[in-house]
Amino acid sequence: MVTMQIYLPIAEVSVNAFLLLGLGGLVGILSGMFGVGGGFLMTPLLFFIGIPPAVAVATEANQIVASSFSGVLAHFKRKTVDLRMGTVLLIGGLVGAALGVMVFNYLKAQGQVDLLVKLCYVVFLGVIGGLMFIESLNAIRKTKSGKKIARKKHNWIHGLPFKMRFRVSGLYISVIPPLIVGVAVGILAAIMGVGGGFIMVPAMIYLLGMPTKVVVGTSLFQIIFVTAFTTMLHATTNFTVDIVLAVLLLVGGVIGAQIGTRIGVKMKAEQLRILLAMMVLLVCGKLALELLLEPVELYSLGAAGGH
Amino acid sequence: MRALGFIFALFLALPAVAEEVVLGLSSDQVSINTNFDGSEILIFGAVKREEAIQDDPRLQVIVTVAGPSKPITVRRKEKRLGIWVNIDAVEVDRAPSFYAVASSTVLGLALSDTEDLRYRVSIPRAIRSVGAPQNISDSENFTDALIRIKSKANQYQLNEGTVSVDEQTLFRTAIKLPAALTEGTYKARIFLTRGGAVVSKHETSIYVRKVGMERWLFKLSRENALLYGIMSLAIAIAAGWGASAIFTVFRR
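Protein chains in written order, with the numbering used here: chain A, 1 to 307; chain B, 1001 to 1252.
One or more of the hints may lead you astray.
Said to hold, decoys possible - Here are the simulated DSS-like cross-link-like pairs (lysine-lysine), alpha carbons at most 27 Å apart as the crow flies:
hint	chain 1	residue 1	chain 2	residue 2
1	A	Lys142	A	Lys286
2	B	Lys1070	B	Lys1048
3	B	Lys1070	B	Lys1219
4	B	Lys1187	A	Lys118
5	A	Lys108	B	Lys1070
6	A	Lys163	A	Lys108
7	B	Lys1187	A	Lys108
8	B	Lys1219	B	Lys1187
9	A	Lys268	A	Lys213
10	A	Lys118	B	Lys1152
11	A	Lys108	A	Lys118
12	A	Lys118	B	Lys1176
13	A	Lys286	A	Lys77
14	A	Lys213	A	Lys286
15	A	Lys286	B	Lys1070
16	B	Lys1152	A	Lys286
17	A	Lys108	B	Lys1201
18	B	Lys1187	B	Lys1048
19	B	Lys1187	B	Lys1152
20	A	Lys286	A	Lys163
21	A	Lys266	A	Lys118
22	B	Lys1176	B	Lys1152
23	B	Lys1219	B	Lys1048
24	B	Lys1077	B	Lys1201
25	A	Lys108	B	Lys1079
26	B	Lys1187	A	Lys286
27	B	Lys1077	A	Lys108
28	B	Lys1187	B	Lys1176
Hints in this document: simulated from the structure, not taken from any laboratory.
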């Protein structure tokens, strides 16, 4: 058995290169199968193998930029990106990311950043995983009845001011809701090291009423710029972006995604979603236990703040 | 007057070290490169003396290696609202990033308490903690935790009886450096003791530094963070794009 240890220059830990390639590949397979970014699974997995949370979050943001890049190009070719909506979401996203990094850095100085990141994960993974699980169970039950829930065309959102026409999406709505969605996703991107697609996509469909075919391309467009901005903020204020780690995860991830897409085609959508829901709940459970059970070592070391 | 001065100078020179260390290191430089997975330095040497070997008390040798010191915050978790949260914190003023003590016998026998206090040889003495905040009464628990955590990671080591001494003249020991190593100048000290008292002391430096790509990336990330960030994004995008392009070619 060849063990190829690799010393990560920024994380300052030595890890097995094959383990990183494998993790990248595993998350890549899942993201290919389910069509999700995978950041929300990768970041906690990096915690589990001993990468410092601050490095995991910042590096994962860098990796998401790269893995979304070829995706958004494909959507541009198919003209399934609403640039105007994307830009509004992006403006919100940049503000949110800046806020998120500020909160992150403040809590890092207080020694609470690990707690914040883990709490965010437990809450979001728990909610999303739970909803997905219930929804896909219902979907499996209802497959025979063949009913589809109609998209709401008019809701309270249409009463808000500052309306704008979004031609590609065929919408004429206020810019306030997409701005708020953008801010929320930006904060999550900065704190959790995720793209935030898992929040943005449902919000775009159910809240903004965007047609499904432009949702993925538009969210990828926003994600690329927000995570690129987050990467720069982390790189310049925390010095926590580890490029060696990012590249290893990426290479594994791209290969995995290709395999995953092929597996995904052969499986039923409901089965896929219930599998993903269980995965998400499993990671959530492991993180929750870490917070709830008495740790073996109550003490932890950190660099002294204040410089 | 001059003669008196001469005699005085002679007196000063008289208690000059009777036994002295002549030192060798397997290497005075440790390079952290991409496949760095820990390292081992051999510290060996001889005792130079101008008189007959004294048999009692026997000569003991203590070797310490210390990494660069930094203030460290030690935090303690407590259960609040059902979850474990960092509450109390104590700042340790100076704690070496790495510290190893190797001795030819039990450290307590090789070195008296007063000499330990003077030269800061044992692990607890190598750490300096001035004062804890008023609300914390058990600050020693925090320094104990620091030593415990660092020892578990092999970053603090007490290796008693690992210095071999031949004929009270030749000595050697090996210090294992863990994979998670901080850059900097490491200080190696060699003490010769008799009956717990230090009779001679020798110091030398070992340079631990990242080399090649590791060094370049680390330096760039600190000194030109903006450029490093842009470069990270560019490399990652290129790698992601390249890998998927290769796959598209293969699929055809």
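Quick rundown of the hints versus the structure:
Between A:Lys142 and A:Lys286 the CA atoms are separated by roughly 32 Å; this puts the pair beyond 27 Å, and the hint is violated. Taking the CA atoms of B:Lys1070 and B:Lys1048, the gap is near 35 Å; set against the 27 Å cutoff, the hint is violated. Taking the CA atoms of B:Lys1070 and B:Lys1219, the gap is about 19 Å. The hint holds against a cut of 27 Å. Taking the CA atoms of B:Lys1187 and A:Lys118, the gap is about 39 Å. The hint is violated against a cut of 27 Å.
A C-alpha spacing of about 18 Å is found between A:Lys108 and B:Lys1070, which places the hinted pair at or below 27 Å, so the restraint holds. Simply put, A:Lys163 and A:Lys108 have alpha-carbon atoms about 39 Å apart, too far for the 27 Å limit, and the pair is violated. With a C-alpha separation of about 31 Å, the suggested pairing of B:Lys1187 with A:Lys108 is violated against the 27 Å cut-off. Under the criterion of a C-alpha separation no larger than 27 Å, the hint pairing B:Lys1219 with B:Lys1187 is consistent with the structure, at around 23 Å.
At most 27 Å may separate the alpha-carbon atoms for a hinted pair to count; A:Lys268 and A:Lys213 meet this at roughly 20 Å. Taking the CA atoms of A:Lys118 and B:Lys1152, the gap is about 24 Å. The hint holds against a cut of 27 Å. This hinted pair checks out: A:Lys108 and A:Lys118 have alpha carbons roughly 13 Å apart, not beyond 27 Å. At most 27 Å may separate the alpha-carbon atoms for a hinted pair to count; A:Lys118 and B:Lys1176 exceed this at roughly 34 Å.
About 41 Å separates the Cα atoms of A:Lys286 and A:Lys77, which puts this hinted pair outside 27 Å; it is violated. Simply put, A:Lys213 and A:Lys286 have alpha-carbon atoms about 35 Å apart, too far for the 27 Å limit, and the pair is violated. A threshold of 27 Å between alpha carbons decides the hint, and for A:Lys286 with B:Lys1070 the separation of about 34 Å lies outside it, so the pair is violated. For a cut-off of 27 Å, the pair hint linking B:Lys1152 to A:Lys286 stands: about 24 Å separates their Cα positions.
Of the supplied pair hints, the one linking A:Lys108 and B:Lys1201 is violated, its CA atoms being roughly 42 Å apart against a limit of 27 Å. Under the criterion of a C-alpha separation no larger than 27 Å, the hint pairing B:Lys1187 with B:Lys1048 is consistent with the structure, at around 22 Å. Between B:Lys1187 and B:Lys1152, the direct Cα distance comes to roughly 22 Å. Compliance with the 27 Å bound is thereby established for this hinted pair. About 44 Å separates the Cα atoms of A:Lys286 and A:Lys163, which puts this hinted pair outside 27 Å; it is violated.
Between the alpha carbons of A:Lys266 and A:Lys118 the distance comes to roughly 34 Å, so the proposed pair goes past 27 Å and is violated. For the given pair, B:Lys1176 sits about 14 Å from B:Lys1152 by alpha-carbon distance, which is consistent with the 27 Å threshold. Straight-line distance between C-alpha atoms of B:Lys1219 and B:Lys1048 comes to about 43 Å, which puts the hinted pair past the 27 Å bound. Taking the CA atoms of B:Lys1077 and B:Lys1201, the gap is near 42 Å; set against the 27 Å cutoff, the hint is violated.
For the hint linking A:Lys108 to B:Lys1079, the alpha-carbon distance of about 20 Å falls within 27 Å, and the restraint holds. The hinted pair formed by B:Lys1187 and A:Lys286 fails the criterion: a straight-line CA distance of about 42 Å is larger than 27 Å. Distance hint between B:Lys1077 and A:Lys108 is fulfilled; the C-alpha atoms sit about 15 Å from each other, no more than 27 Å. Only pairs whose Cα atoms come within 27 Å are accepted, and B:Lys1187 paired with B:Lys1176 is accepted, the gap being roughly 15 Å.
The structure fails to meet hints 1, 2, 4, 6, 7, 12, 13, 14, 15, 17, 20, 21, 23, 24 and 26 from the earlier list, while all remaining hints are met.
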